[in-house]
Amino acid sequence: MAIFDPTVAPVPEPDENKNLRGINADYTERYGFHDAENYLYKAPKGLTRELVAKISEFKSEPEWMREFRLKALDYFLARPMPTWGSPMLAEVDFDDIHYFVRASERSERSWDDVPEDVKKTFDRLGIPEAERKFLSGVGAQYESEVVYHQVNESLEKQGVIFTDMDTALREHEELLREYFATIIPPNDNKLAALNSAVWSGGSFVYVPPGVHVEMPLQAYFRINTESMGQFERTLIIADEGSYVHYVEGCTAPTYSSSSLHSAVVELVAKPGSRIRYTTVQNWSTNVFNLVTKRAIAETDATVEWVDCNLGSKLTMKYPSVYLMGERAHGEILSIAFAGAGQHQDAGGKIVHVAPNTTSNIFAKSISKDGGRGSYRGLLEIAKGAHGSRSKVVCDALLLDEESRSDTYPTIRIDNDDVNVGHEATVSKVGDDQLYYLMSHGISEEEASKLIVNGFIEPITKELPMEYAVEMNRLIELQMEGSIG
Amino acid sequence: MTTIIDVCPLSELLPGQKRLVRWEDLEIGVFNCAGTVYAIEDRCTHDDGPLVEGGFDEAACTVECPRHGSLFDLTTGKPKTLPAYMPVDTFDVIIEHDTIKLEVD
Chain U
1 MAIFDPTVAP
11 VPEPDENKNL
21 RGINADYTER
31 YGFHDAENYL
41 YKAPKGLTRE
51 LVAKISEFKS
61 EPEWMREFRL
71 KALDYFLARP
81 MPTWGSPMLA
91 EVDFDDIHYF
101 VRASERSERS
111 WDDVPEDVKK
121 TFDRLGIPEA
131 ERKFLSGVGA
141 QYESEVVYHQ
151 VNESLEKQGV
161 IFTDMDTALR
171 EHEELLREYF
181 ATIIPPNDNK
191 LAALNSAVWS
201 GGSFVYVPPG
211 VHVEMPLQAY
221 FRINTESMGQ
231 FERTLIIADE
241 GSYVHYVEGC
251 TAPTYSSSSL
261 HSAVVELVAK
271 PGSRIRYTTV
281 QNWSTNVFNL
291 VTKRAIAETD
301 ATVEWVDCNL
311 GSKLTMKYPS
321 VYLMGERAHG
331 EILSIAFAGA
341 GQHQDAGGKI
351 VHVAPNTTSN
361 IFAKSISKDG
371 GRGSYRGLLE
381 IAKGAHGSRS
391 KVVCDALLLD
401 EESRSDTYPT
411 IRIDNDDVNV
421 GHEATVSKVG
431 DDQLYYLMSH
441 GISEEEASKL
451 IVNGFIEPIT
461 KELPMEYAVE
471 MNRLIELQME
481 GSIG
Chain Y
485 MTTIIDVCPL
495 SELLPGQKRL
505 VRWEDLEIGV
515 FNCAGTVYAI
525 EDRCTHDDGP
535 LVEGGFDEAA
545 CTVECPRHGS
555 LFDLTTGKPK
565 TLPAYMPVDT
575 FDVIIEHDTI
585 KLEVD
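For the record, the sequence lines run as chains U and Y.
Under the working numbering, think of the first position of the first sequence as 1, with each following residue one higher.
Under the working numbering, think of the first position of the second sequence as 485, with each following residue one higher.
Heads up, none of these hints are tricks.
Computed cross-link-like contacts, PhoX-like style, restricted to lysine-lysine with a CA-CA straight-line distance of at most 25 Å:
hint, chain 1, residue 1, chain 2, residue 2
1, U, Lys-71, U, Lys-54
2, Y, Lys-562, U, Lys-71
3, Y, Lys-564, U, Lys-71
4, U, Lys-383, Y, Lys-562
Think of the hints as simulated: they come from the structure by calculation, not from any bench.
Given the structure is predicted, the values throughout are model-derived calculations rather than measurements.
Okay, chain U solo, but in the shape it has when bound:
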């Protein structure tokens, strides 16, 4: 994603190129650059027991974490690769990946102390600027580790913790250990097992009871090396009656060989709290993005996932919410763009465990230039969850004959005292829609953009203003040259 300065207009491009450009057409100049490798340590390719132990040793971790990693490695090795999802999964070569790259000695609290090369990258992506303007805190991860982390001083005084996971393990071990891997255990699935074995970086957030973090906290993830694996791990705990909005974004250079991003994200929303977690995923199209995200919402708590997937070669990601306490609410807004060579297998899961819980899943996908967008979702209402209500809406828009859309919705209801609605649509931008708009003097390209903007508007309006502007800009770029 771009963290950007909204006052600076993007560089205009020559008109004659416009019709040739497609999804993320300006990716290379905006995000696809890479820096010279000047690393403190770069593991050779491949995953071994020795490497896992070495990562733990590098980080001076307690013995329980070392054991946790080694056990997770056994789980990873014992599990077969999933056969569902996407045929592209078979292309992931676990032997052709660097599992750990250390770019900096430690996570800094001042941009001035971040190594020059790394700082230049984040300057180019506009992060220090964004931090000054509209964020409560920023974390920046480069390769395997977080190189910069800072949180607003007044929040720190109120007891808010926003730091990288490695630091949290050192400084808040007991708090971290209480929740770590309780939402996503290491043997949950093959990729969660991999992350558990080699995790590095990611964010740790704790918001004390009653504290409202008004401006978002943001983490930015950057891969620079070719054939790199990034395995950050994030844990957010919102204590009773608190509120936090966490935003993450990610980009990488475009290489001919594949990289792997496999994160684990766990959210704990205590009674009466609210967590909003926004992702704008814009990896380059050589990245496999295989992520496990799950949350629990206790009594009267709300968890919202706003999940935007623009980049990557293959994304498989289904953020989920377990509604554990009465009147808890879960919300998933998912948007995916699949362009040439891309498969976005996205969606969400909601599990109603407690009575009188409510949820919504709104998923939108747009496929063009032969891309494939899939919605995969689960709505489960357990036996005891009487009086629960849920609505699932998944819509797909196809922009040409070559593109593809699939829907895999699963609904399980063990209760007859509930209200569940499910709607699904697949539409193609039709000649009649274009003709109607063009008859009002709008060009074909503009008409197509209008239709797409209208299609995704229910989701972009949920983004903070700065991100909504950026999303709309990206969408406009993606739409260029889509007609004719």
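The hints should help you fit chain Y onto chain U, whose structure is shown.
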């Protein structure tokens, strides 16, 4: 109706050991946690995983489902981690004349 079934002599299930018992259509996992014996239905509430085949932590008195990793508290049957969220059935254990017995319904 409650029935009492024999499992094995106490000497055959030492601390840290576990075993599977079948009774009619029930499969029950029996675990010795540091001298106290606990019994739970051998079926994870998430995806029917065979719990007896999972990792048994005697010190913590937990068992980990081998299918998706949910950790169950053997003393209560409650899951300590997702993805399971419902407890497994537990069975009362009786030690009589150095024999482990279970109360089953």
